[in-house]
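J.: I would like the entire structure built from these sequences, with the hints used as guidance.
Chains as they are written, first to last, in full-length UniProt numbering: chain V, 1 to 341; chain F, 1 to 341.
Some hints could be false.
[As the list claims (entries may be wrong)] Below, computed lysine to any residue pairings styled on SDA-like, alpha-carbon distance capped at 25 angstroms:
id, chain 1, residue 1, chain 2, residue 2
1, F, Lys-145, V, Thr-207
2, F, Lys-218, V, Ser-307
3, V, Lys-272, F, Arg-202
4, F, Lys-254, V, Glu-206
[Said to hold, decoys possible] Here are a few chain V residues that face chain F, going by a calculated C-beta distance under 10 angstroms:
id, residue
5, Ala-158
6, His-190
7, Asp-302
Hints are computed from structural coordinates only; laboratory data are not their basis. For every residue, glycine included, the Cβ atom is placed at its ideal position computed from N, Cα and C.
Below are the chains, spelled out letter by letter.
Number of protein chains: 2
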Amino acid sequence: MLRDPVVAIAGVTGAVGREFIATLNKRGFPVKKLKALASSRSAGQTLGFRGETITIEELREDSFGGVDIALFSAGSSVSRKFSPSAVKAGAVVIDNSSAFRMDPNVPLAVPEINGRRIAEHKGIIAVPNCSAITALMPLWPIHQKNRIKRMIISTYQAASGAGAAAMEELVASTRANLAGESFTPTVLPHPYAFNVFNHDTRIDPETGYNEEETKVIKETHKIFEDDRIAIGITCVRVPVLRAHSQAITFECEKPISESEVRRLLTNAPGVKVVDDRVRNYFPMPIEASGQDDVLVGRIRRDLSDPSGHSISLFVSADQLLKGAALNAIQIAELLPERVAA
Amino acid sequence: MLRDPVVAIAGVTGAVGREFIATLNKRGFPVKKLKALASSRSAGQTLGFRGETITIEELREDSFGGVDIALFSAGSSVSRKFSPSAVKAGAVVIDNSSAFRMDPNVPLAVPEINGRRIAEHKGIIAVPNCSAITALMPLWPIHQKNRIKRMIISTYQAASGAGAAAMEELVASTRANLAGESFTPTVLPHPYAFNVFNHDTRIDPETGYNEEETKVIKETHKIFEDDRIAIGITCVRVPVLRAHSQAITFECEKPISESEVRRLLTNAPGVKVVDDRVRNYFPMPIEASGQDDVLVGRIRRDLSDPSGHSISLFVSADQLLKGAALNAIQIAELLPERVAA
Numbered sequence: 001m002l003r004d005p006v007v008a009i010a011g012v013t014g015a016v017g018r019e020f021i022a023t024l025n026k027r028g029f030p031v032k033k034l035k036a037l038a039s040s041r042s043a044g045q046t047l048g049f050r051g052e053t054i055t056i057e058e059l060r061e062d063s064f065g066g067v068d069i070a071l072f073s074a075g076s077s078v079s080r081k082f083s084p085s086a087v088k089a090g091a092v093v094i095d096n097s098s099a100f101r102m103d104p105n106v107p108l109a110v111p112e113i114n115g116r117r118i119a120e121h122k123g124i125i126a127v128p129n130c131s132a133i134t135a136l137m138p139l140w141p142i143h144q145k146n147r148i149k150r151m152i153i154s155t156y157q158a159a160s161g162a163g164a165a166a167m168e169e170l171v172a173s174t175r176a177n178l179a180g181e182s183f184t185p186t187v188l189p190h191p192y193a194f195n196v197f198n199h200d201t202r203i204d205p206e207t208g209y210n211e212e213e214t215k216v217i218k219e220t221h222k223i224f225e226d227d228r229i230a231i232g233i234t235c236v237r238v239p240v241l242r243a244h245s246q247a248i249t250f251e252c253e254k255p256i257s258e259s260e261v262r263r264l265l266t267n268a269p270g271v272k273v274v275d276d277r278v279r280n281y282f283p284m285p286i287e288a289s290g291q292d293d294v295l296v297g298r299i300r301r302d303l304s305d306p307s308g309h310s311i312s313l314f315v316s317a318d319q320l321l322k323g324a325a326l327n328a329i330q331i332a333e334l335l336p337e338r339v340a341a
Numbered sequence: 001m002l003r004d005p006v007v008a009i010a011g012v013t014g015a016v017g018r019e020f021i022a023t024l025n026k027r028g029f030p031v032k033k034l035k036a037l038a039s040s041r042s043a044g045q046t047l048g049f050r051g052e053t054i055t056i057e058e059l060r061e062d063s064f065g066g067v068d069i070a071l072f073s074a075g076s077s078v079s080r081k082f083s084p085s086a087v088k089a090g091a092v093v094i095d096n097s098s099a100f101r102m103d104p105n106v107p108l109a110v111p112e113i114n115g116r117r118i119a120e121h122k123g124i125i126a127v128p129n130c131s132a133i134t135a136l137m138p139l140w141p142i143h144q145k146n147r148i149k150r151m152i153i154s155t156y157q158a159a160s161g162a163g164a165a166a167m168e169e170l171v172a173s174t175r176a177n178l179a180g181e182s183f184t185p186t187v188l189p190h191p192y193a194f195n196v197f198n199h200d201t202r203i204d205p206e207t208g209y210n211e212e213e214t215k216v217i218k219e220t221h222k223i224f225e226d227d228r229i230a231i232g233i234t235c236v237r238v239p240v241l242r243a244h245s246q247a248i249t250f251e252c253e254k255p256i257s258e259s260e261v262r263r264l265l266t267n268a269p270g271v272k273v274v275d276d277r278v279r280n281y282f283p284m285p286i287e288a289s290g291q292d293d294v295l296v297g298r299i300r301r302d303l304s305d306p307s308g309h310s311i312s313l314f315v316s317a318d319q320l321l322k323g324a325a326l327n328a329i330q331i332a333e334l335l336p337e338r339v340a341a
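T.: Here it is as structure tokens:
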């Protein structure tokens, strides 16, 4: 681990930005100095960090002098614009956006899965898409023992993935709905109160897949280093605040039993089995919220595959933590000590 | 159609009971006389029907004298207890509960799929489970052309499937959540506000499947008259009031194209294609609510099956209408005129 690094957070006022700070504190991550960066709108505001009052500065190309680790979560275009300056200034960028994920020079890292790739970075390390992390955390221990050749995933995604403004829109539109008042959405494309809708990313007019789905497919291939895994996926928003859930059915190369999967997942780091059939108690997003672990349950044979190669399960994970801020800080913890330049 | 029947509604104060009345009116179903039946708690209350005030009577074994059609939606145990008396009194029972669905002497009818079975009844006709109806309406026209041999379904189910009290609990618990107040659920097993949870039916401790999932599997086999269809399914409640949604991936015996599926669904009765990739506009439960049609969209190749035999789609349908009351009244419309006894 880097000793007492200077840490910059780009996008500090966003939903993930706030969780960067909470996670640094929760994990006792050593920070020599924190630079809080955001758009000019937020510059001049202050925030408390370990007893100090820190003034938020405008994110600029010259913001990174002396910075060792730059945590980015302000969208792809911001990452594209400012990461090069951060790298040039000598910082390691840990980027939560999709800007660099598929760049062959950028490790796409989930520490529990491919942490060894982190040391190969050339200045930038990417945090995978939150839906990819949520699905792959429980699938990796299985894939290592018995290659997963096919996955079919349906997501139940929270507002937080679209940012703090989307979380506020869910609350405000639900309040309006309950009061019988009209509400015009401005952040998301459809009314969110008591509704479910296709993920709010662009749809490829040819394939019919939305960008979230395409990201999960491509990122799974990169993280698992296996381009042949066949993936079908439907990404859907549900009126939940901050944890994503997924119904996953996967098919292995060899036969696999429910008890083998349960055993592998019980011993998997970062995964918690919540699977009580008698009490009807399984992963739920309100319980995953605020937890570091990916909750997994409803582990059972996929009845549509009589060959015994397929298992179904249900997962919930905090989109802002393991899906974003926590995964980024875990990457920072694995950064090798640098030799003085 | 029966001429001017006397119609009884058992469970008239429930969520489906109210929709029975609305649907009779909307479709101009001829009713000589309406008998409104409910538990003793509701007896004595009144309701308006076609300009008349009708007093709700307690549902009893002797309630069915002179009744031609008895619409039941008061739960399985009520159907089991009172249907025999209704049949004995000469009524045709159209039952919305699961009590008789798998009885080989009882047609399990979705008029658009197997309406011809209705005439075979021996006094009772069952309305299928709402999730089964929602899935099978768009799959039937495809299955007829190119046998569906495998389905994988993830549901996004509304409160209404658990009755009016569950709908009220969703509203009340969301109100409490927004006010920062605590709320103890009494109808559903888990907090519903901004949450997602496994379907609230018993889980088979051996297989891990909940009863809703088992119903969809068995009822699909009976309705499609094809026990070999392999079905994997995950049934989940989402905080939506009255329309169920589903992400469905299915595999056909022969190759099938996206355009062929779109063409078949565009011409299917009771199905409406809502599939606009440019506008990101697809089926949503708030739009399916109050509509008779099953909305279907996101029609696209399942990328996890390179053989070209599989398609994915997303559906939303009003659980109280096509999932229950509408399907029942459609069955009533197809009842053959009886020869005088």
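J.: Tell me if the straight-line CA distance from F/Lys-254 to V/Glu-206 falls inside 25 angstroms.
T.: holds (22 angstroms)
J.: Mind checking the alpha carbons of F/Lys-145 and V/Thr-207 for me, to see if they're no more than 25 angstroms apart?
T.: holds (23 angstroms)
J.: Can the restraint linking F/Lys-218 and V/Ser-307 be considered satisfied, given a maximum Cα separation of 25 angstroms?
T.: This hinted pair holds, its Cα atoms lying about 20 angstroms apart.
J.: Restraint: V/Ala-158 near chain F, CB-CB cut 10 angstroms. Satisfied or not?
T.: holds (9 angstroms)
J.: Quickly compare the C-alpha distance for V/Lys-272 and F/Arg-202 to 25 angstroms and report which way the hint goes.
T.: holds (23 angstroms)
J.: Just to be careful: measuring from the Cβ of V/His-190 to every Cβ in chain F, is the smallest value less than 10 angstroms?
T.: holds (6 angstroms)
J.: Is the interface hint for V/Asp-302 satisfied, with its Cβ closer than 10 angstroms to some Cβ of chain F?
T.: V/Asp-302 check passes; min Cβ-Cβ to chain F is 4 angstroms, inside 10 angstroms.
Violated hints: none; the structure is consistent with every hint.
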